[in-house]
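Visitor: Sequence:
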Amino acid sequence: MENGIDRTGEGWDVRSMRGVGIGELTVGNVLRLHVGSSRIEVGGPAELTTDHGAVPVHASTRTNLDRLPQLLDQVVSEVRAADSGSLRVRFANGWRLDVPVSSAAPGWVIGLRNGCFISALPGGGVRTSDRLRARE
160 MENGIDRTGE GWDVRSMRGV GIGELTVGNV LRLHVGSSRI EVGGPAELTT DHGAVPVHAS
220 TRTNLDRLPQ LLDQVVSEVR AADSGSLRVR FANGWRLDVP VSSAAPGWVI GLRNGCFISA
280 LPGGGVRTSD RLRARE
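First residue of the sequence shown? That's 160 in our numbering, and the numbers climb one at a time after it.
No lab work stands behind these hints: they were computed from the structure.
Don't take each hint at face value.
Pairwise CB distance ranges, derived in the manner of DEER restraints [as the list claims (entries may be wrong)]:
| # | residue 1 | residue 2 | range |
| --- | --- | --- | --- |
| 1 | Thr208 | Glu183 | 32 to 42 Å |
| 2 | Gly178 | Arg221 | 23 to 33 Å |
| 3 | Asp225 | Asp289 | 33 to 43 Å |
| 4 | Asp210 | Arg177 | 16 to 26 Å |
| 5 | Ala263 | Val234 | 16 to 26 Å |
| 6 | Ser262 | Gly168 | 22 to 32 Å |
| 7 | Leu280 | Asp210 | 30 to 40 Å |
| 8 | Asp232 | Gly283 | 31 to 41 Å |
| 9 | Val214 | Val234 | 18 to 28 Å |
| 10 | Gly168 | Asp225 | 36 to 46 Å |
| 11 | Leu231 | Arg177 | 14 to 24 Å |
| 12 | Arg286 | Asp257 | 30 to 40 Å |
| 13 | Val234 | Gly282 | 25 to 35 Å |
Heads up, the beta-carbon is just placed ideally off N, CA and C, and yes, glycines get one too.
Construct all of the structure, not just a fragment, from the sequences and the given hints.
Guide: Right under this line is the structure:
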(Lines of atoms letter the chains of each structure in order from A and count residues from 1; the text may use other names and numbers.)
(Lines give C-alpha, C1' and ligand atoms only; values in the text may rest on other atoms or scores of the structure.)
Protein backbone atom coordinates (compact mmCIF):
# COMPACT_ATOMS: atom_id res chain seq x y z
CA MET A 1 0.00 0.00 0.00
CA GLU A 2 1.15 3.53 -0.68
CA ASN A 3 0.81 4.54 2.98
CA GLY A 4 3.40 2.02 4.18
CA ILE A 5 0.96 -0.31 5.95
CA ASP A 6 0.06 -3.63 4.37
CA ARG A 7 -2.80 -5.89 5.36
CA THR A 8 -1.53 -9.41 6.08
CA GLY A 9 -3.39 -12.64 6.81
CA GLU A 10 -3.94 -11.91 10.49
CA GLY A 11 -2.97 -8.29 10.96
CA TRP A 12 -0.95 -5.39 9.64
CA ASP A 13 2.67 -5.00 8.53
CA VAL A 14 3.98 -1.44 8.98
CA ARG A 15 6.73 -1.60 6.39
CA SER A 16 7.28 2.18 6.33
CA MET A 17 9.18 1.85 9.64
CA ARG A 18 11.63 -0.79 8.39
CA GLY A 19 15.23 0.36 8.32
CA VAL A 20 14.49 3.51 10.33
CA GLY A 21 16.10 4.14 13.71
CA ILE A 22 14.41 5.26 16.91
CA GLY A 23 15.26 8.97 16.78
CA GLU A 24 13.50 10.01 19.97
CA LEU A 25 12.19 8.14 22.97
CA THR A 26 9.86 9.76 25.50
CA VAL A 27 8.69 8.19 28.73
CA GLY A 28 5.79 9.71 30.66
CA ASN A 29 2.50 7.97 31.32
CA VAL A 30 3.16 6.21 28.02
CA LEU A 31 6.26 5.19 26.07
CA ARG A 32 6.64 7.05 22.77
CA LEU A 33 9.04 5.83 20.11
CA HIS A 34 9.61 8.25 17.25
CA VAL A 35 10.52 6.27 14.14
CA GLY A 36 11.34 8.86 11.50
CA SER A 37 8.18 10.91 11.02
CA SER A 38 5.99 8.14 12.48
CA ARG A 39 5.48 7.04 16.07
CA ILE A 40 4.62 4.09 18.23
CA GLU A 41 2.93 4.85 21.53
CA VAL A 42 2.75 2.10 24.16
CA GLY A 43 0.32 2.74 27.00
CA GLY A 44 0.08 -0.73 28.46
CA PRO A 45 2.52 -3.26 29.81
CA ALA A 46 5.07 -4.66 27.38
CA GLU A 47 8.02 -7.01 27.29
CA LEU A 48 11.45 -5.94 26.08
CA THR A 49 13.72 -8.76 24.94
CA THR A 50 17.44 -7.94 24.63
CA ASP A 51 20.67 -9.94 24.61
CA HIS A 52 20.26 -10.30 28.38
CA GLY A 53 16.77 -11.82 28.26
CA ALA A 54 13.20 -10.55 28.55
CA VAL A 55 11.97 -8.02 31.11
CA PRO A 56 8.55 -6.46 31.63
CA VAL A 57 8.39 -2.71 30.96
CA HIS A 58 5.55 -0.33 31.69
CA ALA A 59 5.75 3.46 31.57
CA SER A 60 2.85 4.41 33.83
CA THR A 61 3.80 1.98 36.62
CA ARG A 62 7.49 2.85 36.18
CA THR A 63 8.52 -0.77 35.65
CA ASN A 64 12.11 -1.27 34.38
CA LEU A 65 12.30 2.20 32.84
CA ASP A 66 16.10 2.04 32.99
CA ARG A 67 15.98 -0.46 30.10
CA LEU A 68 14.06 1.77 27.69
CA PRO A 69 16.82 4.26 26.75
CA GLN A 70 18.65 1.32 25.16
CA LEU A 71 16.08 1.52 22.35
CA LEU A 72 17.34 4.93 21.23
CA ASP A 73 19.00 4.68 17.79
CA GLN A 74 17.97 1.04 17.37
CA VAL A 75 16.94 0.29 13.79
CA VAL A 76 13.46 -1.17 13.30
CA SER A 77 13.35 -4.32 11.18
CA GLU A 78 9.66 -5.18 11.55
CA VAL A 79 6.44 -3.83 13.05
CA ARG A 80 3.45 -6.17 13.09
CA ALA A 81 0.06 -5.40 14.58
CA ALA A 82 -2.08 -8.51 15.00
CA ASP A 83 -5.85 -8.43 14.57
CA SER A 84 -5.99 -9.83 18.11
CA GLY A 85 -4.64 -6.51 19.43
CA SER A 86 -1.04 -7.45 20.16
CA LEU A 87 1.98 -5.62 18.73
CA ARG A 88 5.49 -6.83 17.95
CA VAL A 89 8.38 -4.52 17.12
CA ARG A 90 11.61 -6.22 16.04
CA PHE A 91 14.94 -4.47 15.82
CA ALA A 92 17.91 -5.15 13.53
CA ASN A 93 20.09 -6.18 16.49
CA GLY A 94 17.65 -8.99 17.38
CA TRP A 95 15.86 -7.17 20.21
CA ARG A 96 12.07 -7.18 20.44
CA LEU A 97 9.33 -5.13 22.06
CA ASP A 98 6.11 -7.11 22.48
CA VAL A 99 2.86 -5.50 23.62
CA PRO A 100 0.13 -7.99 24.52
CA VAL A 101 -3.60 -7.39 24.40
CA SER A 102 -4.64 -5.05 27.21
CA SER A 103 -7.97 -5.63 28.93
CA ALA A 104 -8.43 -2.18 30.45
CA ALA A 105 -7.18 0.35 27.91
CA PRO A 106 -5.70 0.61 24.43
CA GLY A 107 -2.24 -0.92 24.76
CA TRP A 108 -0.66 0.85 21.80
CA VAL A 109 -1.13 3.23 18.86
CA ILE A 110 0.85 3.47 15.63
CA GLY A 111 0.63 6.84 13.90
CA LEU A 112 2.00 7.70 10.49
CA ARG A 113 2.66 11.19 9.20
CA ASN A 114 -0.03 10.87 6.53
CA GLY A 115 -2.76 10.69 9.18
CA CYS A 116 -3.21 6.92 9.08
CA PHE A 117 -3.17 5.02 12.36
CA ILE A 118 -3.75 1.61 13.88
CA SER A 119 -4.56 1.21 17.56
CA ALA A 120 -5.33 -1.65 19.89
CA LEU A 121 -8.79 -1.85 21.40
CA PRO A 122 -9.31 -2.66 25.09
CA GLY A 123 -9.87 -6.39 25.43
CA GLY A 124 -8.53 -7.19 21.95
CA GLY A 125 -8.90 -6.23 18.33
CA VAL A 126 -7.67 -3.19 16.45
CA ARG A 127 -9.08 0.05 15.14
CA THR A 128 -7.81 1.73 11.99
CA SER A 129 -8.19 5.22 10.63
CA ASP A 130 -10.78 5.91 7.95
CA ARG A 131 -7.98 6.71 5.51
CA LEU A 132 -6.43 3.30 6.06
CA ARG A 133 -9.75 1.44 5.76
CA ALA A 134 -10.45 3.23 2.47
CA ARG A 135 -7.24 1.79 1.01
CA GLU A 136 -7.76 -1.82 2.12
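Visitor: Could you run down the list of hints and mark each one as holding or not?
Guide: Structure-based check of all given hints:
1. Thr208 <-> Glu183: 32 to 42 Å: violated, 22 Å
2. Gly178 <-> Arg221: 23 to 33 Å: holds, 32 Å
3. Asp225 <-> Asp289: 33 to 43 Å: holds, 39 Å
4. Asp210 <-> Arg177: 16 to 26 Å: holds, 21 Å
5. Ala263 <-> Val234: 16 to 26 Å: violated, 32 Å
6. Ser262 <-> Gly168: 22 to 32 Å: With a Cβ separation near 25 Å, Ser262 and Gly168 satisfy 22 to 32 Å, so the hint holds.
7. Leu280 <-> Asp210: 30 to 40 Å: holds, 33 Å
8. Asp232 <-> Gly283: 31 to 41 Å: Cβ of Asp232 to Cβ of Gly283: about 33 Å, so the range 31 to 41 Å holds.
9. Val214 <-> Val234: 18 to 28 Å: holds, 21 Å
10. Gly168 <-> Asp225: 36 to 46 Å: holds, 37 Å
11. Leu231 <-> Arg177: 14 to 24 Å: holds, 18 Å
12. Arg286 <-> Asp257: 30 to 40 Å: Check failed, 20 Å falls outside 30 to 40 Å.
13. Val234 <-> Gly282: 25 to 35 Å: holds, 33 Å
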